[in-house]
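If you're matching them up, the sequences are chains A and B in order. Residues 341 to 1029 (the numbering used here) make up the first sequence, in order. Residues 2 to 68 (the numbering used here) make up the second sequence, in order.
Any given hint could turn out to be false.
[Unchecked claim] The list that follows gives simulated cross-link-like pairs (lysine-lysine, DSS-like), each with its CA atoms no further than 25 Å apart:
hint : chain 1 : residue 1 : chain 2 : residue 2
1    : A       : K911      : A       : K750
2    : A       : K425      : B       : K5
3    : A       : K664      : B       : K27
4    : A       : K750      : A       : K768
5    : A       : K399      : A       : K911
6    : B       : K27       : B       : K54
7    : A       : K399      : A       : K425
8    : A       : K425      : B       : K27
9    : A       : K768      : A       : K799
10   : A       : K664      : A       : K799
11   : A       : K954      : A       : K964
12   : A       : K1007     : A       : K909
13   : B       : K65       : B       : K54
14   : B       : K5        : B       : K27
15   : A       : K842      : B       : K60
16   : B       : K65       : A       : K425
17   : A       : K964      : A       : K1007
18   : B       : K5        : A       : K842
[To be verified] To be clear about the criterion: a stretch of chain B counts as covered by chain A if any three or more of its residues have a C-beta under 8 Å from a C-beta of chain A, and this derived list gives those stretches:
hint : segment
19   : 19-29
20   : 45-54
Treat the hints as calculated values from the structure; they're not laboratory data. Heads up, the beta-carbon is just placed ideally off N, CA and C, and yes, glycines get one too.
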Amino acid sequence: MHKHIKNIAWLIVALLGASAVSGIALNRGESINALWFITAAVCVFAIAYRFYATWIAVKVLVIDETRATPAERLDNGRDFIPTNKWVVFGHHFAAIAGPGPLVGPTLAAQFGYLPGTLWILVGAVLGGAVQDMVTLFFSTRRNGRSLGQMARDEIGPIGGAAALIGTFMIMIILIAVLGLVVVNAMKHSPWATSTVAATIPIAMIVGFYMRNLRPGRVLEASALGVILLLLAVVIGGWVDHHEGLRVLFDHEGLPLAWGIIAYGFAAAVMPVWLLLAPRDYLSTFMKLGTVILLAIAIVILRPEVQMPALTQFTDGTGPIFGGKLFPFVFITIACGAISGFHALIASGTTPKLLANERDIRMIGYGGMLLESFVAIMAMIAATVLEPGIFFAINSPAGVVGASAVDAVAKINSWGYAVTVEQMNQLAKDMGESTLFARTGGAPSLAVGMASIFGSAFGKSMLALWYHFAIMFEAIFILTTLDAGTRVGRFMLQDMLGNIWPKLGQTSWMPSVIFTSALVVAGWGYFLYIGVIDPNGGVNILWPLFGIANQMLAAIALCVATGILIKSGKLKYAWITGLPLVWLVVITTTAAWQKIFSTDIRVGFFAAANDLTEKLASGVLSAEKAAVAPQLIFNQQLDAYLTMFFILVLWVVLMDMVRVTYYYLADKQLLPSTESPHEPSRLVEDWVRD
Amino acid sequence: MKTKLLSFWRMVRRLSGDDAYEQYLKHYAETHASIEDNPEALPPLLSREDFFKQWQDGKWTGVKRCC
């Protein structure tokens, strides 16, 4: 009887999910309620978790509850510690969820709400969550080895080197594009700039508190920090209205970019306890709090989605970034559907905490589903805006024109209603001087969040909500920037240490300064170019980041597929093989178009050639002609970078195919590095106190 | 209700690392008991401040955050 009730309950979930998804997919012409998105996500994720993830755990990976995990066998009370599964889940989720799932869906909303939403749902269930779970499992069976090590041990040295270089390059591009997002949010906004600036001393106060004043009292210090952050948002409003102070924080993009670059260097050289660690606590608490608040607000308010299911920009003429629906929606939404970066967390860090293999499904698969849920909410926040307003905020001046009248006329010509007065009123409500051409996704997400929060919890505080949202985005973008620069520095020191061992010493100050400067110069260059680019830079950098991140995901899936085949599970290899094939198809297509397309808004070389001709024939304004040589060089550089990414991907893929062939032909393979079975001695209630 | 709140609070402390030193003391005592015949094998007990310094520095080497 009990079993029947369960079956019926799952059947209801399945029917509800199916009707929600088809409601979203088939709805045309009328607006649709955001609650359908939440319903669709919850049902699809619940079913996938209950059935697909369980099937993978039991049949494919053959999870063994009686087997001791590395945390148990190597328990040292520090990095290897058997930990309660909810605690591991919290750590894992905090580590994988960054600003990516917020920015990607916002940009992809230019195609309409449907393509992005479907890709988030399907991509997470069949791709991203599988990648995270399988990587977590294989790393757990190999004493928590990193993705790069597993690639080297199981496939061959090429895979290992590719994973290392790939990670380094992604880091550089990711930081540049995130820096650009923050710069665009702070441009000519004294309120946003002063609030974001205040987060730096606040983090230092928190760092000092938990290091010296009350050592180890992490929660006290964080509570203090959160209060100070909220105060900083309020005080920012006061600064904005103060004639003398406001000019101190009212800047063009370029000085702000230099500020970010200087900050990034300082943060990479300074000790972690002073800035990075406390900032991370604050960003984790803000992230959790805001995401929960947003979910509650959406459920209370049930806003209508204003964006059509599909826009005319599926043909590749979109203002936010050029390129057709296929393959660019799959590149733009990387985190939130499938993110190669997660494989770095799922291998190395998380496995060392796992108390029992049976927790792998919840932490690996479930963690990714929760991140996808964040992406769905970002999609909702972007699409509840009037499409006219959405495009006015997100279209760069280079596409729609620099003046408000031009921009509005252009957007109206696409069939989206918006007026200059409407935009001025909105900017006034949000406490900004203008909201035109605020590219990068952060301002439009903040407007979306502010209108949702404002309607749910009181409209009078729209400007406060807007700047709260900006602060919330900025604080964890800057955390990623700090942490990423530092990781990049470690990697570079590791690589350079092979040439001159002294450079590899992570505590030798000259090496620290030298390698930090190199990493900062790397992303600083792309950030600088992005800021001087009249098309906003995001349209170039974000696809580049997407291609790089999907390349890393493909490498992780290659490693996983290779290990599955080597361990005699060829018939199940499709669980990672299928998403791998899809990623190879979209990444290769996107890279091909970015390199060879003759459309100047898609092809890097086409854009470079077009600009070269314009420069030679003298049709460019003096201002544009001054930066043109740099932009031309950058477009060419981006084309070669894309070539490099795709080459790396195909080399690793071919190596994996070689492993498969060797296996089928019974040839000599690298031995499996799985650690031998040891029975677990942990009693259930001991771990789960 | 009270026990639920208490266990929630314990979870928050564990998640944030607020109780890391207590966990360390517990682990230390257990390890100490198991190797009683050779006490020199165990490194000296760290103070709360020193432990926190090592714990925090260790937490931040390697890839700990992503996009």
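Q) So which hints don't hold here, by number, going up? A) 1, 3, 10, 17 and 18
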